[in-house]
Every structure is written in C-alpha cells, then in structure tokens.
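Undergrad: Top line first, the protein sequences correspond to chains A and B.
Heads up, the first sequence is in this note's numbering, so the first residue is 1 and it goes up one at a time.
Heads up, the second sequence is in this note's numbering, so the first residue is 1 and it goes up one at a time.
In case anyone wonders, no lab produced these hints; they're calculated from the structure.
Even glycine gets a Cβ: it sits at the ideal position worked out from N, Cα and C.
It is possible that some hints are incorrect.
[To be verified] Here are the simulated DSBU-like pairs of lysine-lysine, each with C-alpha atoms no more than 30 Å apart in a straight line:
id : chain 1 : residue 1 : chain 2 : residue 2
1  : B       : 89        : B       : 259
2  : B       : 364       : B       : 403
3  : A       : 289       : B       : 67
4  : B       : 403       : A       : 403
5  : B       : 89        : B       : 132
6  : A       : 259       : B       : 67
7  : A       : 40        : B       : 132
8  : A       : 259       : A       : 289
[Unchecked claim] Below, a sample of chain A positions facing chain B; criterion: calculated Cβ distance under 8 Å:
id : residue
9  : 93
10 : 97
11 : 98
12 : 100
Number of protein chains: 2
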Amino acid sequence: MATQRSGGAGVTGNMVIAQSGGPTAVINQSLVGAIVEAKKHREIKGIYGSLHGLKGLLEERLCDLRKESPANLERVARTPSSALGSVRKKPTPEDCAKVFEVLRRHDIRFFFYIGGNDSAETTHIINEEARKAGFPIRCFHICKTIDNDLRENDHTPGYGSAARFVAQAFMGDNLDNRSLPGVKINVVMGRHAGFLTAASALARVFPDDGPHLIYLPERPFSMERFIADVQAVYAKHGRCIVAVSEGIADEKGEPIASKFIKETDSHGNVQLSGSGALGDLLAAEVKAKANISRVRADTFGYLQRSFVGVVSPVDAREARQVGVMAVRFAVSGRFESGSTAIRRAPGRAYRTTIERVELAMVAKETRHMPGEFIAPSGNDVTTAFLDYARPLVGELPEIGRLKAVPVARRG
Amino acid sequence: MATQRSGGAGVTGNMVIAQSGGPTAVINQSLVGAIVEAKKHREIKGIYGSLHGLKGLLEERLCDLRKESPANLERVARTPSSALGSVRKKPTPEDCAKVFEVLRRHDIRFFFYIGGNDSAETTHIINEEARKAGFPIRCFHICKTIDNDLRENDHTPGYGSAARFVAQAFMGDNLDNRSLPGVKINVVMGRHAGFLTAASALARVFPDDGPHLIYLPERPFSMERFIADVQAVYAKHGRCIVAVSEGIADEKGEPIASKFIKETDSHGNVQLSGSGALGDLLAAEVKAKANISRVRADTFGYLQRSFVGVVSPVDAREARQVGVMAVRFAVSGRFESGSTAIRRAPGRAYRTTIERVELAMVAKETRHMPGEFIAPSGNDVTTAFLDYARPLVGELPEIGRLKAVPVARRG
Numbered sequence: 001m002a003t004q005r006s007g008g009a010g011v012t013g014n015m016v017i018a019q020s021g022g023p024t025a026v027i028n029q030s031l032v033g034a035i036v037e038a039k040k041h042r043e044i045k046g047i048y049g050s051l052h053g054l055k056g057l058l059e060e061r062l063c064d065l066r067k068e069s070p071a072n073l074e075r076v077a078r079t080p081s082s083a084l085g086s087v088r089k090k091p092t093p094e095d096c097a098k099v100f101e102v103l104r105r106h107d108i109r110f111f112f113y114i115g116g117n118d119s120a121e122t123t124h125i126i127n128e129e130a131r132k133a134g135f136p137i138r139c140f141h142i143c144k145t146i147d148n149d150l151r152e153n154d155h156t157p158g159y160g161s162a163a164r165f166v167a168q169a170f171m172g173d174n175l176d177n178r179s180l181p182g183v184k185i186n187v188v189m190g191r192h193a194g195f196l197t198a199a200s201a202l203a204r205v206f207p208d209d210g211p212h213l214i215y216l217p218e219r220p221f222s223m224e225r226f227i228a229d230v231q232a233v234y235a236k237h238g239r240c241i242v243a244v245s246e247g248i249a250d251e252k253g254e255p256i257a258s259k260f261i262k263e264t265d266s267h268g269n270v271q272l273s274g275s276g277a278l279g280d281l282l283a284a285e286v287k288a289k290a291n292i293s294r295v296r297a298d299t300f301g302y303l304q305r306s307f308v309g310v311v312s313p314v315d316a317r318e319a320r321q322v323g324v325m326a327v328r329f330a331v332s333g334r335f336e337s338g339s340t341a342i343r344r345a346p347g348r349a350y351r352t353t354i355e356r357v358e359l360a361m362v363a364k365e366t367r368h369m370p371g372e373f374i375a376p377s378g379n380d381v382t383t384a385f386l387d388y389a390r391p392l393v394g395e396l397p398e399i400g401r402l403k404a405v406p407v408a409r410r411g
Numbered sequence: 001m002a003t004q005r006s007g008g009a010g011v012t013g014n015m016v017i018a019q020s021g022g023p024t025a026v027i028n029q030s031l032v033g034a035i036v037e038a039k040k041h042r043e044i045k046g047i048y049g050s051l052h053g054l055k056g057l058l059e060e061r062l063c064d065l066r067k068e069s070p071a072n073l074e075r076v077a078r079t080p081s082s083a084l085g086s087v088r089k090k091p092t093p094e095d096c097a098k099v100f101e102v103l104r105r106h107d108i109r110f111f112f113y114i115g116g117n118d119s120a121e122t123t124h125i126i127n128e129e130a131r132k133a134g135f136p137i138r139c140f141h142i143c144k145t146i147d148n149d150l151r152e153n154d155h156t157p158g159y160g161s162a163a164r165f166v167a168q169a170f171m172g173d174n175l176d177n178r179s180l181p182g183v184k185i186n187v188v189m190g191r192h193a194g195f196l197t198a199a200s201a202l203a204r205v206f207p208d209d210g211p212h213l214i215y216l217p218e219r220p221f222s223m224e225r226f227i228a229d230v231q232a233v234y235a236k237h238g239r240c241i242v243a244v245s246e247g248i249a250d251e252k253g254e255p256i257a258s259k260f261i262k263e264t265d266s267h268g269n270v271q272l273s274g275s276g277a278l279g280d281l282l283a284a285e286v287k288a289k290a291n292i293s294r295v296r297a298d299t300f301g302y303l304q305r306s307f308v309g310v311v312s313p314v315d316a317r318e319a320r321q322v323g324v325m326a327v328r329f330a331v332s333g334r335f336e337s338g339s340t341a342i343r344r345a346p347g348r349a350y351r352t353t354i355e356r357v358e359l360a361m362v363a364k365e366t367r368h369m370p371g372e373f374i375a376p377s378g379n380d381v382t383t384a385f386l387d388y389a390r391p392l393v394g395e396l397p398e399i400g401r402l403k404a405v406p407v408a409r410r411g
C-alpha cells in the first residue's frame with residue numbers, strides 16, 4: 001500500500017485544489033501559486049478546483065483551472081477571499097468514501113487543501129482514510145489563517161494583511177478618539193489566539209496613543225479588572241482605546257461572547273463574529289460602572305479578513321510561496337502528505353523558509369500567543385511581540401500630529 | 001457697525017481656525033490648506049488653532065499654527081481625523097459673549113470653522129451674535145462631512161474617502177459572502193442622508209455582486225418588506241448582502257435604531273454609531289422570520305470615517321481647496337461671512353468650483369438624496385447615483401473572478 005501511495009517521483013495524474021474555512025486577503029495567492037507551479041510539473045495532468053472545499057468534492061462540482069488565462073489568474077491572486085468558494089465542514093468516514101469515489105473517477109492523485117487548523121484536520125482525516133482504504137492520493141495542506149494560530153508556523157499567510165488592517169483601523173480610531181475623547185472598545189477576531197488583537201499595538205506612534213488596553217483570549221478576562229483598567233487609563237489620558245479579542249474568556253475558559261451566542265459549526269466552533277453583542281456588553285458595563293458618558297464599541301467583523309485594498313506585501317509573497325512549495329513537496333516523491341509551514345530564520349534580518357511538516361502536527365489543535373508576547377499585566381503586549389509582528393505587516397502609513405505650541409493666555 | 005465689521009480688504013488681525021463634529025479622513029487637508037493660504041496674506045497676522053472647536057475658544061486653549069513646520073503640516077494634512085481636536089457643541093448667546101471676549105483679547109478678526117451642518121449653524125450663530133454685539137469678526141465655515149448632506153454642495157469633503165472605504169469594504173464582504181454564502185447585513189453611517197450607504201453600490205463588479213439590497217433613510221423602512229426582499233434575493237442567488245443606513249426610519253420617521261439607543265448631543269442628534277444593536281436586530285429578524293441559518297451583521301462604525309490608508313485622491317484635493325478658498329473669501333473684503341460650497345460643472349468631464357454661499361444656506365438643515373438617485377423599488381440606487389459618486393471615490397482596486405469552467409461529471 002505504501003508503494004501504491006508513494007511510488008517515488010513517478011506518480012502522475014490529475015490534481016485538485018480547494019479552499020476551506022475563513023477567507024483571507026491573500027488566500028488566492030496560494031491558490032494561484034499552486035496552479036502556476038503545477039503547470040511546470042509533468043507529473044500533474046489536469047488541474048482542477050473543487051468549489052466550496054469538501055462540499056464540491058462530495059457533490060462532484062469541479063472546475064478546470066487550466067482554462068484560466070494567466071492574466072485572469074493574476075487578477076484573482078490579488079483579489080481577497082476564496083475564489084473557489086469555501087466551506088466549514090469536517091468529513092465523516094462516509095464523506096471520505098464518497099470523496100475517494102469522485103477522485104477515482106477523475107483520476108485525481110494530488111489533493112491540496114488551503115486552510116487553517118480545521119482544514120488541516122480535514123486533510124489529515126482524508127489522508128488517514130485514504131491510507132486505510134488503500135486509495136492512492138497525495139494529501140497536502142496549504143497553511144492560511146488570519147488568526148495566526150497554526151502550530152509549527154512562525155506565522156501564517158493571511159495574518160499579515162489582517163494585522164495590517166487592524167493596525168490601520170486602530171491608527172485611525174485612535175486619532176478619532178483623540179479628537180472626540182471617550183472610551184472606545186474595538187472587538188477583533190481571534191477565537192483562541194490573540195495575535196490579531198495584539199496587532200492593534202502596531203498602531204501606536206506617539207507615547208499616549210491607543211490602544212491603551214489589549215485583552216487576549218490567552219489571559220482570563222475579569223469584568224471588574226477591565227472596568228478598573230479603563231478607569232485608570234481614562235483618569236490619565238481623558239480617553240481610552242481598548243482592543244478586545246472576540247475570544248476573551250472567563251476564569252473557567254468560557255468565552256464571554258458565548259453567553260449571548262449559541263451557534264456552532266461542525267468543528268464545534270462557536271460563532272463569535274457577525275454580531276456586535278460582545279462590544280455592546282462591554283460598553284454598557286463601562287457606562288454603568290465607570291461613570292463615563294461617551295462610550296462606544298465597534299466590532300471589526302468580516303472587514304478585517306476580506307477588505308479590498310489593504311494587503312501586506314510580505315504576506316502576499318509568502319502566501320504565494322506556500323502554494324508553490326506545496327506542489328513541489330507533492331511532486332518531489334519524498335512525501336505522501338504534509339503541510340507547509342513558514343519558519344523564520346534567527347537574526348535581525350527578516351528571512352523565512354517554507355518547510356514540509358506532518359499533517360498531524362498542525363491539525364486540529366491551535367497555537368496560542370507565547371507568554372513572552374504578553375505583558376505581565378495581562379492587558380498589553382510586549383516589545384518582543386512588536387518586533388515579531390512588524391515585518392509581517394509591512395510599513396504603515398505615516399501619522400502626523402500638530403506640535404500645537406500654546407498661545408499664552410491673556411485672560 | 002457694518003463698516004466696523006467689513007471695512008473692505010483693509011481688515012487686518014489674527015485668525016483662528018477650529019474643527020468640529022465628526023472627523024473625516026481629509027479634514028486636516030482643509031486645515032492645512034487654510035493655514036498655508038493664510039501665510040500668503042498680509043491681512044492675516046497670527047494663525048491660531050482652537051483646540052476642540054468651540055470648547056477651546058471658551059477655555060482660551062489656542063495654539064500657534066505659525067510654529068508648525070511646513071513638513072509637519074503636510075504630514076498632518078495626510079493624517080485622518082481632526083488634528084486640532086473636535087467637539088459637538090451648539091453655542092448659547094452666553095457662550096458667544098465669552099468667545100468674543102477671548103477673540104478680542106487675542107485681536108482675532110478672522111474665524112474659520114471646519115465642519116458639517118451643525119458646525120455651519122455654530123458659525124452662523126457666532127456670526128449673528130457678533131453682528132448684534134457689534135463685534136468685528138469675519139466668520140467662515142469650511143464644509144466637510146462624510147454624510148454628504150450639506151445643502152448648496154454638490155458633495156462635501158470627507159464623503160469621497162468614506163465612500164471609498166464603504167465601497168472597498170463591500171467589495172471584500174461580497175467576496176467573503178460569495179465564498180461562505182448566507183445573509184450579511186452591513187450597517188453604514190448616515191443619520192438622515194443615505195449617500196454613504198448608497199456608495200456600497202460602487203462595490204459591484206459582476207452582475208450577481210452585492211450589495212443586493214440598499215436601505216436608505218430617505219425611504220420608510222418596513223421590517224416585513226425587508227424580510228421579503230431578503231428572501232427573494234436569497235432564493236435567486238443563494239446569498240444576500242444588505243447595506244443599511246444607521247438612520248433608517250419607520251413610516252412615522254422614527255429611526256429604527258432609536259428604539260434601542262437614547263443618547264443625544266446638544267444639537268439634538270441621537271447617537272446611532274458605536275453600537276451593533278441595529279445590525280443585530282435586523283439579523284435576528286431575518287433568522288427568525290426568513291428561515292435562513294447563516295445570518296451575520298457588521299456595523300462599520302467609526303472605521304469608515306477615520307481609517308488610515310483609504311483616501312480618495314479627488315477628495316483630498318478638494319478638501320485642501322475649500323480650506324484655501326475660505327481664506328481667500330475672508331481676506332477678499334467682499335464678504336463678512338460665508339461658507340464654502342463645492343459645485344460641479346455640467347458635462348461629462350468631472351470639474352468642480354468652490355463658491356462662497358451664505359451661512360444660513362448650509363446651517364442646520366441637511367440635504368437628502370435626490371429622488372433620481374433612489375430606485376423606484378426603494379431598496380437600491382440608480383445609475384444616475386453611480387455616475388454621480390464614481391468620480392468622488394476614485395478608481396477602485398481591480399477584482400478578479402475565476403471563469404471556473406466546469407469539469408464534466410463522471411458519476
């Protein structure tokens with residue numbers, strides 16, 4: 001069976017590629033990177049896309065990606081959100097049997113799945129089921145997620161651009177709040193990992209700039225502590241900008257937002273985005289308990305993952321490269337399956353490599369922000385985090401502030 | 001008294017400039033335009049800024065804008081949100097008397113107030129009170145508002161950039177919703193005028209692109225009609241993107257959002273932004289009554305007016321120019337007071353001029369979207385609106401979509 005599945009570099013056949021989970025601003029770079037690379041390898045005949053991930057495979061809804069013009073592929077690469085459509089679905093063993101039937105009919109020997117940890121799990125399940133069934137397929141997961149929570153990766157494609165959006169949003173919101181002072185709470189995506197919320201800290205230019213407080217899912221959230229923190233900042237600056245991860249949870253690990261929202265997907269994830277409930281709750285608490293009149297909350301929602309026109313150039317380049325490398329790993333004959341992982345070289349200069357890791361190493365479980373990135377206070381990030389995140393986001397727009405030299409009073 | 005106030009082109013003295021109301025991405029262009037122009041006129045001696053609009057004048061918190069370096073002024077011009085700070089405050093006659101006392105002490109003879117209709121009203125009140133008191137001051141309002149609802153103006157500085165943000169956000173959100181289909185409701189700023197919400201229509205590239213439904217404050221909102229509209233679009237496209245103005249109101253003119261939010265400012269405006277309540281209400285109604293499972297709502301909130309990095313070049317240029325022209329009008333000796341108004345020349349090519357209009361003509365009352373911009377259905381905009389808005393927003397990023405030529409089924 002092993003020989004049937006690997007067979008050295010000599011395996012030939014069609015490939016299918018699909019996208020899964022939440023879209024990103026650069027996920028189509030990975031798709032196009034894989035397509036363009038696949039065209040260079042004789043082992044790969046047909047290049048098919050499955051519409052809406054696993055769903056398209058189950059329903060035999062495939063498209064022929066060799067029929068896309070190079071110019072259109074490049075347009076698609078620069079366009080946010082999953083061009084093939086996406087899905088949130090964990091395959092059952094019965095689903096896998098159906099998928100293999102479709103793959104067999106279309107002589108598909110290479111399977112690429114672009115997504116986060118749930119999509120890595122899907123790829124892993126399909127790979128394991130294929131092994132059990134003796135179905136010859138090379139299964140590769142291509143990393144992406146704005147949450148930046150894939151294990152084995154220094155960071156993930158999609159994160160840099162979403163982090164850039166969050167940083168630019170906080171830069172503007174800090175200026176807005178400075179002009180009309182009050183308390184402003186912004187809820188940022190991130191179910192279990194605080195990386196994206198933490199990126200708000202990149203918005204700071206001047207010493208009194210917000211966000212002044214940053215709450216991450218990695219530290220238990222206490223409402224009393226939060227109110228006290230806001231009061232302290234407000235007393236000092238006359239205003240307060242707060243970054244809150246949608247995934248903040250209490251001492252018992254129960255998400256604060258889940259007290260309001262009960263919808264889950266088949267991976268068991270609670271739906272946290274697409275509702276302003278958490279922000280509104282926190283704003284109401286501040287109004288009621290901190291005795292501050294101007295309190296506002298915004299929930300960045302889906303804007304932060306698919307906004308058109310805010311892309312980190314480094315992120316776009318790396319997203320492309322993981323697509324390219326997944327195809328190279330698959331046709332190399334050295335691996336039957338795997339995932340792409342971005343590794344950062346030590347040293348001051350920013351350099352990365354893309355390595356092949358085992359599917360099981362990235363599937364399912366997520367990575368959290370390391371302790372060294374979180375301030376001991378639990379309501380801020382460290383310089384180590386800023387050094388880590390800055391190259392991923394790229395150079396941010398320049399911010400100007402008036403010197404505002406006071407005119408002597410004549411009263 | 002009239003001679004005391006006008007005195008031909010010979011009036012000399014200091015000037016003060018301030019910013020008021022909601023910030024925009026380009027409001028500092030107007031500030032810097034006025035400062036740079038003021039430096040060219042011998043009539044203007046000191047160039048002062050008042051911190052937080054009227055508040056700074058009442059508290060005698062002025063800064064010396066001649067002490068800003070040209071390079072820093074240009075940095076500030078490119079930075080969103082009111083660099084001098086803002087305020088929402090309508091002056092009482094007592095406030096005016098206090099203001100005149102401060103102006104007198106500082107030999108201020110030129111007053112410039114950058115803002116929307118409420119700020120025009122403030123300028124008008126100050127001008128009228130000055131006339132009554134025989135206080136010699138030239139009062140000029142400099143137009144701005146993302147709402148685009150100033151009378152006498154073809155459009156207002158700040159609108160183009162906010163509209164660009166809304167268009168780019170909807171472009172991305174449409175792609176996001178296409179990849180993970182469902183109903184998505186986005187709440188856009190706009191208290192009384194639907195211009196900003198209408199700009200969402202600029203996001204459409206392909207015939208099935210959203211927003212599929214657009215609800216404006218200019219047409220009464222019916223929940224039953226809304227649910228039926230969403231169901232019809234969902235039946236056709238398997239998904240639905242909705243743009244809703246925060247200011248949508250029922251048949252009696254009561255804002256739907258005001259059923260939840262009760263905070264008002266001294267101009268009597270209900271606070272509609274900074275809460276996800278309206279979006280969440282609409283999403284809950286769709287879930288409950290339209291039997292659609294994936295329903296999400298985002299409220300764009302403050303992002304759309306101060307986001308760093310999304311600016312319409314035309315908007316930036318015009319914002320600069322209204323600042324310049326206000327100073328020219330003030331020193332010309334032809335007018336004691338006035339507001340700047342952007343007028344568009346007829347014809348296909350986009351050309352504008354800036355004219356001086358009476359303060360009373362722009363103060364207080366707002367402009368609504370003309371009927372020709374709203375589709376007869378009441379849930380969309382017309383081609384006339386798109387033609388009107390396109391030049392204000394500038395060229396939008398290119399969007400690519402796969403041809404996705406189907407692979408023949410082999411089942």
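Undergrad: Quickly compare the C-alpha distance for residue 403/B and residue 403/A to 30 Å and report which way the hint goes.
TA: violated, 54 Å
Undergrad: With a cut-off of 8 Å, does the beta carbon of residue 100/A approach a beta carbon of chain B closely enough for the hint to hold?
TA: violated, 13 Å
Undergrad: Given the proposed pairing of residue 289/A with residue 67/B, does the C-alpha separation stay at or below 30 Å?
TA: Distance ~42 Å between residue 289/A and residue 67/B Cα, so the pair is violated.
Undergrad: If you take the shortest Cβ to Cβ gap from residue 98/A to chain B, is it below 8 Å?
TA: The hint is violated - residue 98/A has no Cβ within 8 Å of chain B, the shortest such distance being about 10 Å.
Undergrad: Could you grab the alpha-carbon distance between residue 89/B and residue 132/B and see if it respects the 30 Å cut-off?
TA: Roughly 21 Å between the alpha carbons, so the hint for residue 89/B and residue 132/B holds.
Undergrad: Does the nearest C-beta of chain B fall within a distance shorter than 8 Å of the C-beta of residue 97/A?
TA: violated, 14 Å
Undergrad: Using 8 Å as the Cβ threshold, decide whether residue 93/A counts as touching chain B.
TA: Result: violated, 20 Å to nearest chain B Cβ.
Undergrad: Is the straight-line distance between the alpha-carbon of residue 40/A and that of residue 132/B 30 Å or less?
TA: Distance ~82 Å between residue 40/A and residue 132/B Cα, so the pair is violated.
Undergrad: Checking one constraint from the list: CA of residue 259/A to CA of residue 67/B, max 30 Å. Satisfied?
TA: With a Cα-Cα distance of about 53 Å, the restraint between residue 259/A and residue 67/B is violated, given a limit of 30 Å.
Undergrad: Given the proposed pairing of residue 89/B with residue 259/B, does the C-alpha separation stay at or below 30 Å?
TA: Status holds; Cα separation ~24 Å.
Undergrad: Checking one constraint from the list: CA of residue 364/B to CA of residue 403/B, max 30 Å. Satisfied?
TA: violated, 51 Å
Undergrad: When you check the alpha-carbon spacing of residue 259/A and residue 289/A, does it fall within 30 Å?
TA: Within the cut-off at roughly 20 Å; holds.
When each numbered hint is compared with the structure, violations occur for hints 2, 3, 4, 6, 7, 9, 10, 11 and 12.
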